[in-house]
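Novice: Chains as they are written, first to last, in my numbering: chain L, 1 to 234; chain E, 1001 to 1234; chain X, 2001 to 2234; chain W, 3001 to 3234.
The hints are simulated quantities; they were obtained by calculation from the structure and are not laboratory data.
All the pointers check out, no bait thrown in.
Here are the simulated DSSO-like pairs of lysine-lysine, each with C-alpha atoms no more than 30 Å apart in a straight line:
1. W:K3156 / W:K3219
2. W:K3219 / E:K1052
3. L:K52 / E:K1011
4. W:K3052 / X:K2011
5. L:K11 / E:K1219
6. W:K3052 / X:K2219
7. E:K1156 / L:K138
8. E:K1052 / W:K3011
With beta-carbon atoms standing in for the labels, derived distance ranges:
9. W:L3158 / X:K2011: 43 to 53 Å
10. W:V3149 / X:R2084: 46 to 56 Å
11. X:R2205 / E:T1069: 48 to 58 Å
12. E:P1208 / X:T2132: 45 to 55 Å
13. L:Y210 / X:G2088: 27 to 37 Å
14. E:P1222 / L:V66: 24 to 34 Å
15. W:A3062 / X:A2062: 54 to 64 Å
16. E:D1047 / X:R2084: 51 to 61 Å
17. L:Y210 / E:Q1228: 47 to 57 Å
18. X:K2052 / E:R1205: 48 to 58 Å
19. L:L24 / E:D1047: 26 to 36 Å
20. X:A2062 / L:L24: 48 to 58 Å
Where is the CB? At the ideal position from N, CA and C, for every residue including glycine.
If you want the building blocks of each chain, they are given just below.
Protein chains: 4
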Amino acid sequence: MYNDLKESVWKANLELVRYGLVVLTFGNASGADRARGVVAIKPSGLDYATMKAADMVVVDMAGRVVEGTLRPSSDTPTHLELYRAFSGVGGIVHVHSLYATMFAQAGRAIPCLGTTHADYFNGAVPVTRSLTAGEVAKDYETATGRVIVECFRRFKPLETPAVLAAGHGPFAWGATVEEAVQHSLILERIARMAWGTLALNGRSRPLPDYLLRRHFRRKHGPDAYYGQTKEKRR
Amino acid sequence: MYNDLKESVWKANLELVRYGLVVLTFGNASGADRARGVVAIKPSGLDYATMKAADMVVVDMAGRVVEGTLRPSSDTPTHLELYRAFSGVGGIVHVHSLYATMFAQAGRAIPCLGTTHADYFNGAVPVTRSLTAGEVAKDYETATGRVIVECFRRFKPLETPAVLAAGHGPFAWGATVEEAVQHSLILERIARMAWGTLALNGRSRPLPDYLLRRHFRRKHGPDAYYGQTKEKRR
Amino acid sequence: MYNDLKESVWKANLELVRYGLVVLTFGNASGADRARGVVAIKPSGLDYATMKAADMVVVDMAGRVVEGTLRPSSDTPTHLELYRAFSGVGGIVHVHSLYATMFAQAGRAIPCLGTTHADYFNGAVPVTRSLTAGEVAKDYETATGRVIVECFRRFKPLETPAVLAAGHGPFAWGATVEEAVQHSLILERIARMAWGTLALNGRSRPLPDYLLRRHFRRKHGPDAYYGQTKEKRR
Amino acid sequence: MYNDLKESVWKANLELVRYGLVVLTFGNASGADRARGVVAIKPSGLDYATMKAADMVVVDMAGRVVEGTLRPSSDTPTHLELYRAFSGVGGIVHVHSLYATMFAQAGRAIPCLGTTHADYFNGAVPVTRSLTAGEVAKDYETATGRVIVECFRRFKPLETPAVLAAGHGPFAWGATVEEAVQHSLILERIARMAWGTLALNGRSRPLPDYLLRRHFRRKHGPDAYYGQTKEKRR
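From just these sequences and the hints, can you work out the full model?
Specialist: Encoded structure:
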């Protein structure tokens, strides 16, 4: 019944492996169908090599399985918390990619040190606060989503389409699951470049605001002039 | 006579190459058949590209060759020492993978800095003490096993399924040789992330105990809820 | 009408992907036909996997499209500024390759620390000054070209065939677009080696001038003795 | 006339590319036929992808071409200087591999920090002194060989089968050209691990002598017990 959604989510999960963002079963991508109020997500702990589109699990916004025989990813409650809070988001990716995870483990936001970053993120990629013992004990995965939402009181989710869960790793999102995968890949790339820039000079300064905004708006919003007009895009 | 065991050990050795954990002949995997009291292991210094399952050498727990015409890995006495001391272990892998070896060479345990680590290791991955001149002179490889066992007086082998031999490199293990390979791969990954985290912030703190335990128990023990129930696993 | 030029520029863009210098759509190569006063360049934001030679856009030296139906790369004004100022340059490449971008983000020139560098660059690879708010607001991409030209008052473009745009990334060039691609690859390699050398020893000294010149002249100018005579080259 | 020699040298050069030790034309391997007093070496600046065994150039120990129509590698005088001084050496490799070159550029020997290193090198991999302006001006490539030989007054070439030419990069050798390639690969690996170990702990100590010697002698000399007896080796 949700074949197209399951197909796109399955493909997105395989892309994560192809881009080197995932080893073994460390990661998951989900996609939402807002009109029907459902989310398709990777099953928990399944081998990417043999996983099929039909294995994707469809849940409603409260987390009840509506299609599929396997258990959904153990991170499903985190994804749902984000879908409920971030209305424009249509796809979410969680990975433990190397450099983004280093920043998450160091409890440090990724500063916007260059235009590669500014092309996709309108400022630093923030890091959440740590969870308390109480939050971990009760509904851990939902609490992970909640501290992300709390952190985003100061940000617009579609202008800063990723976050670092402290001591854990990155979550990235987008209007679609394909965009979420792309943001996840770019996040890893800018994390690696920020890591190396800080190693060269620990006091490197963020881009000035006027340059950050210029780059972000080249690609986003009404004044964007990067890429092709819609009908010519491939 | 031990064809299945030899086949699984041979495959495990090839996996090490495929995952980039081994170059040239730097590594070895072994698997035990506890019921028959034997261990199959890679022959010493053989080329992975032309090695066949039939080349695996089968030894008893005292190290006597019971099947095979080649010389077993020079690290065999270390493997046997671990099998004798760690009763639940069914497979062992030794490699000189890059980042785990850096920690071993620096004589430093890998602290548990994030949930990727906590998903597989119930705390830091320890480093052994250095061997004395006397230990090196006499039964060097057995002594390597002995300092690992000594180090594990404070740990449960299946909750901390790896160790760093000081100045040498990692040993990883598991209930099966396939699990040992997987732990070896994950160890390298978390070593690399810990290395980069410490470069970003040399005073990064380990995960709080409540979060470490939560993650470890998501995947291990009676309360595990990660992955599929046995009959649905692939 | 410009089929050969478009073909060579298309191939050069694909080489950037093959060498790992580009992910997604982060990069562009262009080639000039000086006799006809035109430049062929990659279209903006197009997918490398499906892009064809016929998609390349041909513009004149003032930036007017003379062939092609797609929008040229948003960096076209930067390329044109360089072609107008650097008369011997026949090809230009812009990428966000990892290590060269780290130096650009740190606002630091790449010092000539070894003979690999000296074989291709007659001294340090310079970094531009930052753009002012006024320059960014008005003709940003042209201004990027202008600060590069300003920076090269002190250098000969064909003896130092690359630059780092501060807070942005590298531009490399050459007599042909093929040479520009090669310089872009070598730049990334020497950036990575310089990065690692500085990590080992932050006070590493540049090569002495006599060794720099010797290496550069082994490969360039009238006394070159590296490689084959023209008729034997392949 | 020297077909076997040329074939083995050609294959060795291709191995350098396959192992990622060479990009573009940055490297060369040579092999000696001591009985006939000749050395086969890669031609200068030739593309690895199209190079054939027949392209290898054969020179005598004084550097005169005895077979071949192409110009030999510009580093030929360095190779010959080493063959003349190191009687047991049958193959030499020069590359600009990343981590070994970082140590060469930092002017720093690679300390023996672990058993991976000790398995192949009987102590630190030394770095030469820098060349003087006079040495660079006159017979630069021969002088490069001469400072290596000078540096090896304190070492046995076959027990320390590599060196770092200061500000330049590594040379590795062995009894055969195949062994020289292998040492070049191992050198890069141990350089990378030493680099990372020093980043973790800048005061990491070399292995104690008793452990270094034990590992080196496991693989080399009359008491070696690593690998298979000759007739069983593959």
